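K.L.:
Taken in sequence, the protein lines are chains A and B. Just so we're aligned: 205 in the numbering used here is position 205 of the first sequence, and the numbers increase by one with no gaps anywhere. Just so we're aligned: 1145 in the numbering used here is position 145 of the second sequence, and the numbers increase by one with no gaps anywhere.
Hints should not be assumed to be uniformly reliable.
Between beta-carbon pairs, the in silico distance windows are [said to hold, decoys possible]: (1) Pro1022(B) <-> Gly230(A): 57 to 65 Å; (2) Thr143(A) <-> Ile1059(B): 22 to 30 Å; (3) Glu145(A) <-> Arg1257(B): 31 to 39 Å.
FYI, nobody ran anything at the bench for these hints, they're computed from the structure. From a predicted model like this one, the values you see are computed outputs, not experimental measurements. By construction, the Cβ of each residue, glycine as well, lies at the ideal position given by its N, Cα and C atoms.
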Amino acid sequence: MKARQVYVPVLAVIVFLVLWEALVWAMGWPNYKMASPSDLIPAYEKYWELFLVMGWQTLWRTVVGLLLAVIFGIALGMIMGFSRVMRDALYPLLVGFNAVPKATVVPIVALMFVGAHDFNTVLIAFMISFFPIAVSVSIGLSTLEPEYRDILRSLGASQATIFWKIALPKTLPEFFGALKVSVTLAFIGTNLMEIVSPHGRGLGALFDSGKTNSDYPLMFAVLIALAFLGIVLYYVVVALEKIFAGWADRTV
Amino acid sequence: MENLIDIKAVRHSYRTASGPLPVLDGLELTVPEGGFVAVVGPSGCGKSTLTRLVAGLLIPDHGEVSVHGSRITGPRSNVGMAFQNPVLLEWRTILQNVLLPLEIVPTKLSKAEGEERARKLLALVGLEGFENKRPSELSGGMKQRASLCRALIHKPEVLILDEPFGALDAFTREDLWQIMHRVKAEEPFTGVLITHDLRESIFLADQVVVLSGRPAKTQFVLDIPDTGIRTLDHLYTPEAATMLNTLRHQIEIAQGRAPAEAAA
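For reference, chain A alone in the conformation it holds in the complex (with noise of 0.2 Å):
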């Protein structure tokens, strides 16, 4: 990694908060209308155990949630992608579920699974992150030309071997792009639960408690950290890309 590559996007940070600041400071907008980065400092050094702790809270079941989307998004892909009469089937049940607006289901899953709210947590995160993923799969799967199945059908492949050989590596690049939207689909989806319904876990419970106590820098502050959790996620999500499909990248 090039040196340019760390400073530009820190230096551009700086100028983000600096503008946010001035512009807080030129408008003269008091503390509960807009919080400035100076008001946030004071929040961190306050509650930095309570960021902590549900900064990993919040992490952990934003993470699992996504596996499970990766793993559930790639097999119903696979399907989709393998398949056309599964495809014609699943494809309107697939976008009707994911035009119902997650915030209405909160309620619902934390009615069901009363007190489960890890679980429920990390059931609303796997839910609004899975369909990226699925599709892009079952897309790259079934715009495999022809020839490339028939190179390694008539040497006598399996359908197994021609997955593992041509059809997933293939798909990579697909995967990992929607990957990147889901990893901030997932954030969306742990704070819908951590705020609509809160039950004292995550940073979505220390966003709720600023409002409860009209502590409006740490409502600010939580809005950050989340933010800094996701630009992780994010590039953790960018480094495995490297890793397994850095060959698609074509302006190396």
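Given the structure of chain A, go ahead and fit chain B onto it with the hints provided.
P.N.:
Only chain B this time, still in chain A's reference frame:
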């Protein structure tokens, strides 16, 4: 010489929404061991169906396709295929691409021996020094040459070429024709070449088969006299002109643009 490939009275239809669509009807084709037959015919006449039959990817409705006297009932590992689309795997190097068939077919070659053979084939087609490049770094003609090496790595009994040079520019194509002759001298194979290019057919093959329009049957067979080592100059001899004229006339008949003569 014994016939390696025998196609007898093959009839085949595809099932479509509007009923069966016959593509082949009365197809006869024989290729002796070591022979190289070019198949030409109007667009959409079922030439690619023919390659899938020989590869065992398709079983005909009627008639018989046999290799070495035994009837084909499914894919066997002793064919090599190359298409107009080189279909190299982008995530593998050229060398790894060429080695792909050895990962699937049973082979007596050790890993090192297989690699040595792949390097030898790549050198034969002029791709020495490109072993560790990715397909995206190669030109169209180079990709096609790598694809040819992949088709030959496991010493297939039958090499099936489905318009392998169709998407290349004229100069690259002539280049590859000469490479094909070099490859055949070094690595003898029995081949079926599907092509739209009549000059290509008489330059590469020792027999040209003209298929009729759909449903395709064998309409005409032209034997190319053995003139020893062929060079591009052979394409500009009066003999070549006569052969090309004959073939072009046959294609016109196949397209229905010229009346079939009683004794063509």
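K.L.:
Decide, hint by hint, whether the structure agrees.
P.N.:
Now the hints, each set against the structure:
Range check, Pro1022(B) to Gly230(A): Cβ separation about 59 Å, and the 57 to 65 Å hint holds. Hint check: Thr143(A) to Ile1059(B), Cβ distance near 27 Å, so the stated range 22 to 30 Å holds. Taking the beta carbon of each, Glu145(A) and Arg1257(B) are about 33 Å apart, inside 31 to 39 Å as hinted.
In terms of the numbered hints stated before, the structure departs from none.
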